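Peer 1: These are the residues of each chain, in order.
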Amino acid sequence: MSEVDNFEKEMNRGFFQLVVLLLLEKPMYGYMIVRVLEQNGVVVDENTLYPLLRRLEEKGALSSRWDAAEAKARKYYEVTDQGRALRSSLLEIWEHQGKAIQSLRREVES
Amino acid sequence: MNAHITEFLERVRPFLVAADEQDILREIAGSIEDREASMPGGGTDENMVAVIAAMGDPRDVAAAWSTGRPAVAVNYLKVQWLLTGLLYAVTVGMAAMSAVAGGSIILAPVLYVPRLTPLSLLYYLLLSFVFDYGLASILIQVNEHFGNRVGIEWALGIARRERDRRHGKRKTADVVVRNLVDVVVMLILYLVARFGVPYAIWLRGLVRFFFPDPFSVPFTIWLLAMAAVQFAVACLYCARNWPTYVYELVGSLGGMIALLVAATLTGPPVQSLREGAMPIRIFLAVFVLSVTWGLFKAVTTAFFDWNAAPEL
Chain A
1 MSEVDNFEKE
11 MNRGFFQLVV
21 LLLLEKPMYG
31 YMIVRVLEQN
41 GVVVDENTLY
51 PLLRRLEEKG
61 ALSSRWDAAE
71 AKARKYYEVT
81 DQGRALRSSL
91 LEIWEHQGKA
101 IQSLRREVES
Chain B
1 MNAHITEFLE
11 RVRPFLVAAD
21 EQDILREIAG
31 SIEDREASMP
41 GGGTDENMVA
51 VIAAMGDPRD
61 VAAAWSTGRP
71 AVAVNYLKVQ
81 WLLTGLLYAV
91 TVGMAAMSAV
101 AGGSIILAPV
111 LYVPRLTPLS
121 LLYYLLLSFV
131 FDYGLASILI
141 QVNEHFGNRV
151 GIEWALGIAR
161 RERDRRHGKR
171 KTADVVVRNL
181 VDVVVMLILY
191 LVARFGVPYA
201 IWLRGLVRFF
211 FPDPFSVPFT
221 IWLLAMAAVQ
231 FAVACLYCAR
241 NWPTYVYELV
251 GSLGGMIALL
261 VAATLTGPPV
271 QSLREGAMPI
281 RIFLAVFVLS
291 VTWGLFKAVT
301 TAFFDWNAAP
311 EL
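The listed protein sequences derive, respectively, from chains A and B.
For what it's worth, the numbering used here labels the leading residue of the first sequence as 1, then goes sequentially.
For what it's worth, the numbering used here labels the leading residue of the second sequence as 1, then goes sequentially.
For the record, the hints were derived by calculation from the structure and aren't laboratory data.
Among the clues, some could well be false.
Label pairs and their in silico Cβ distance ranges [to be verified]: (1) A:Y76 x B:Q141: 51 to 61 Å; (2) B:G43 x A:E92: 16 to 26 Å; (3) B:G42 x A:I101: 16 to 26 Å; (4) A:T48 x B:D45: 38 to 48 Å; (5) B:Y133 x A:E92: 46 to 56 Å; (6) A:A68 x B:Y123: 48 to 58 Å; (7) A:A68 x B:E46: 43 to 53 Å; (8) B:W81 x A:K99: 31 to 41 Å; (9) B:W81 x A:A73: 23 to 33 Å; (10) A:N6 x B:A54: 32 to 42 Å; (11) A:R106 x B:G43: 49 to 59 Å; (12) B:W293 x A:N6: 45 to 55 Å; (13) B:A3 x A:G41: 19 to 29 Å; (14) B:Q80 x A:E10: 53 to 63 Å.
Because the structure is a prediction, the values reported are computed rather than measured.
Glycine included, each C-beta is placed from N, C-alpha and C at the ideal position.
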């Protein structure tokens, strides 16, 4: 694994949390999340996504329920109030860091 | 559920934390089905196999999908109990053979069973369990070090075959009746050995070679002790509604220990064995080995039931 891959992996750790918290305003199951993220240019491995969903659920940021009404029983995840608060904080950090990088780049280029 | 998925989940299951097990397995199953359905051609057997292959090694899948403690650590405990049980099955079996044959047994390089007395038996069973627990720990460490999982897969294979063989068999009073019949048979055998064989010996010298007196009497006492304990366990199994694996485990181990205690208390008929009753020595060895094998299978079945697949 190259240094870039390692760096991307570290960056993705927070990034995936944020996109999941953004996406799950309405209930979705695991594979649906993977597909919607892919359609929006975010490729996430299922072996990464499912543990992340469970960790966020353990922290209280997500809630889940099994829906057995369909042919296949599926576990739907949805963001909680606590998750929304976490999302706001993460978005603030994200935007602040984005602005800081833009500012630094402008300074270096000038 | 598709047989391929079930088989894959069975391979993932031993490496999962018990608390998360059911949830994770259901999600893995759902994920496989969704991925298969989205592939060109839809739900075909080939697509299913391809999706499962893409999931990777079951152990890695379990580790990736778990959020709690490392999956290997949890699996370590389960495997340690399994291995301890298996070693204990062998130890008790060897001790029974030792008591029956009236000498010490060495199974190089790890097992040594001394000639047991009623006093040494008291601490032998306890100490051998502690020893087997420690030995299991060392064996797992060595196994982990060399990354060899063949032994575990082999044991699980036996457990699966046992489960399949027993599939559909329900707990009924037949178990109690069957064990009661065993007790009655042993009583009859005792009476025959006690009163019939001496009469037969008096009539025909050839019988002495196969059934040397006083060998038959203690031998039937040992079997009677074993059958009686198994009968008691069978009664408890039905009355207390125990799981099948508890009955098999407690019944086999309890029966074996009862035989061992009885053999130690009555003492081995060394004199008779030295007189040349080789067929009986072979029979005894085969008998004890078969009971040990039964105990071994009970342990593996217990392990399988203990980690029973959740309702999916």
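Peer 1: Each hint: holds or not?
Peer 2: Evaluated hints:
1. A:Y76 x B:Q141: 51 to 61 Å: violated, 42 Å
2. B:G43 x A:E92: 16 to 26 Å: violated, 45 Å
3. B:G42 x A:I101: 16 to 26 Å: violated, 45 Å
4. A:T48 x B:D45: 38 to 48 Å: Cβ of T48 (chain A) to Cβ of D45 (chain B): about 28 Å, so the range 38 to 48 Å is violated.
5. B:Y133 x A:E92: 46 to 56 Å: holds, 54 Å
6. A:A68 x B:Y123: 48 to 58 Å: holds, 54 Å
7. A:A68 x B:E46: 43 to 53 Å: For A68 (chain A) and E46 (chain B) the Cβ distance comes to about 28 Å; the hint is violated.
8. B:W81 x A:K99: 31 to 41 Å: violated, 56 Å
9. B:W81 x A:A73: 23 to 33 Å: holds, 31 Å
10. A:N6 x B:A54: 32 to 42 Å: Cβ of N6 (chain A) to Cβ of A54 (chain B): about 24 Å, so the range 32 to 42 Å is violated.
11. A:R106 x B:G43: 49 to 59 Å: Cβ of R106 (chain A) to Cβ of G43 (chain B): about 54 Å, so the range 49 to 59 Å holds.
12. B:W293 x A:N6: 45 to 55 Å: Given range 45 to 55 Å: holds, Cβ gap about 52 Å.
13. B:A3 x A:G41: 19 to 29 Å: Given range 19 to 29 Å: violated, Cβ gap about 37 Å.
14. B:Q80 x A:E10: 53 to 63 Å: Given about 35 Å between the Cβ atoms, the range is violated.
Checked against the numbered hints above, the structure breaks hints 1, 2, 3, 4, 7, 8, 10, 13, 14 and satisfies the rest.
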